Amino acid sequence: MMRRAGESCPTPTMTPPSAVPGPTTPPSPAGAPDAELVARVLAGDRTAFTELVRRHHGPLLRLAQAFVRDRAVAEEVVQDTWLGVLDGLARFEQRSSLKTWIFRILANKARTRFVREARSVPFSALGEGEEGVDPARFDAAGMWQDPPRPWGPEAPERLLEREDAVRVMEAAVAALSAGQRAVITLRDLEDVDPEETCRLLDITMTNQRVLLHRARTKVRAALERHLRGASPC
Amino acid sequence: MLSCKQITELVTEYAEGELRLLDRLRFQLHLGLCRHCRAYVRQMKLTARALGRLPESELPPDLEQELLRRFESWKGTRG
Numbered sequence: 001m002m003r004r005a006g007e008s009c010p011t012p013t014m015t016p017p018s019a020v021p022g023p024t025t026p027p028s029p030a031g032a033p034d035a036e037l038v039a040r041v042l043a044g045d046r047t048a049f050t051e052l053v054r055r056h057h058g059p060l061l062r063l064a065q066a067f068v069r070d071r072a073v074a075e076e077v078v079q080d081t082w083l084g085v086l087d088g089l090a091r092f093e094q095r096s097s098l099k100t101w102i103f104r105i106l107a108n109k110a111r112t113r114f115v116r117e118a119r120s121v122p123f124s125a126l127g128e129g130e131e132g133v134d135p136a137r138f139d140a141a142g143m144w145q146d147p148p149r150p151w152g153p154e155a156p157e158r159l160l161e162r163e164d165a166v167r168v169m170e171a172a173v174a175a176l177s178a179g180q181r182a183v184i185t186l187r188d189l190e191d192v193d194p195e196e197t198c199r200l201l202d203i204t205m206t207n208q209r210v211l212l213h214r215a216r217t218k219v220r221a222a223l224e225r226h227l228r229g230a231s232p233c
Numbered sequence: 001m002l003s004c005k006q007i008t009e010l011v012t013e014y015a016e017g018e019l020r021l022l023d024r025l026r027f028q029l030h031l032g033l034c035r036h037c038r039a040y041v042r043q044m045k046l047t048a049r050a051l052g053r054l055p056e057s058e059l060p061p062d063l064e065q066e067l068l069r070r071f072e073s074w075k076g077t078r079g
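From first to last, the protein sequence lines stand for chains W and Y.
For what it's worth, the numbering used here labels the leading residue of the first sequence as 1, then goes sequentially.
For what it's worth, the numbering used here labels the leading residue of the second sequence as 1, then goes sequentially.
By construction, these hints were calculated from the structure, which means they are not laboratory data.
A quick note: this is a predicted structure, and the numbers were derived from the prediction, not measured.
Please note: incorrect hints may appear among the correct ones.
[To be verified] Residues on chain Y that point at chain W, a partial pick, calculated with CB under 7 angstroms:
no., residue
1, Ser3
2, Lys5
3, Thr8
4, Thr12
5, Ala39
6, Tyr40
7, Gln43
8, Met44
9, Thr47
10, Ala48
11, Arg49
12, Gly52
13, Arg53
14, Glu56
15, Ser57
16, Trp74
Note that CB positions come from ideal geometry on N, CA and C, so glycine has one too.
Just chain W, with the same shape it has in the complex (with noise of 0.2 angstroms):
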């Protein structure tokens, strides 16, 4: 229950006083910390707000998409969270990070959106069928009998060196259903923790769990897919 008093910003806790710039000679803001930019962004700061979209507008916009696939309603979705974020800046409390306060706007203008469009959020792993590796890969007593090969790119650096990778894991990505979608855009492209994620989708750790061990089961098979008999680089 913080209060803002005045025209004071909110005190960042490890942000040293002398980050926050005078009005005067504001320093560049890329590379500063999120807390600075918030405490200029209240100060009125153009380039300062600037920065604050540039840097989350990729997080923004995927999670927007696992909500809606669509990309022009997604962007509609990021442009109402951005104004959520200036109406309700002078209250964040710095308790999460930037990014899990933003995700949070984020989600509950996309939930406005689905109910104002009367659809259900649909983010349960109820109802989806079993899936995981072709059961014909095993013998009846669940042994590989058709085991992974190797992929050549051991390391994730090297796998993302090949842009063939890339968009075959952002089209399995992109195909995945929208739970599935939700919950690998979270915990893997974005780190957010297990129980945030579940927070943000309203969904239990069960839940979380399996829609992410069948979003990264799906989304490994088509790297294999694509990978199988392509030469080591």
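Since chain W is already given, all that's left is putting chain Y on it; use the hints.
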């Protein structure tokens, strides 16, 4: 002993630290004996880590302009 199929079904629970001790030991025992499952688990980890490094989309200039316009009007309403 767990089957390879079971390993592929339990790999996320294992990675999330959600397996009970006995199941965890069974899982590890199987991995110790099965190079195919070691490869599978390695590929699942690689997939998760690579996803965390996918390139992000950049802010389109028209959206940036629109948001800056909103920012100016937000500033205006705050007096």
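Each hint, compared with the structure:
1. Ser3: 3 angstroms, holds
2. Lys5: 4 angstroms, holds
3. Thr8: 5 angstroms, holds
4. Thr12: Holds, about 4 angstroms.
5. Ala39: 5 angstroms, holds
6. Tyr40: Holds - the Cβ of Tyr40(Y) comes within 7 angstroms of chain W, reaching about 5 angstroms at its closest.
7. Gln43: 5 angstroms, holds
8. Met44: 6 angstroms, holds
9. Thr47: Holds. Min distance 4 angstroms.
10. Ala48: 5 angstroms, holds
11. Arg49: 4 angstroms, holds
12. Gly52: Gly52(Y) check passes; min Cβ-Cβ to chain W is 6 angstroms, inside 7 angstroms.
13. Arg53: 5 angstroms, holds
14. Glu56: Nearest chain W Cβ about 3 angstroms off; hint holds.
15. Ser57: 5 angstroms, holds
16. Trp74: 5 angstroms, holds
Every hint from the earlier list agrees with this structure, and none is contradicted.
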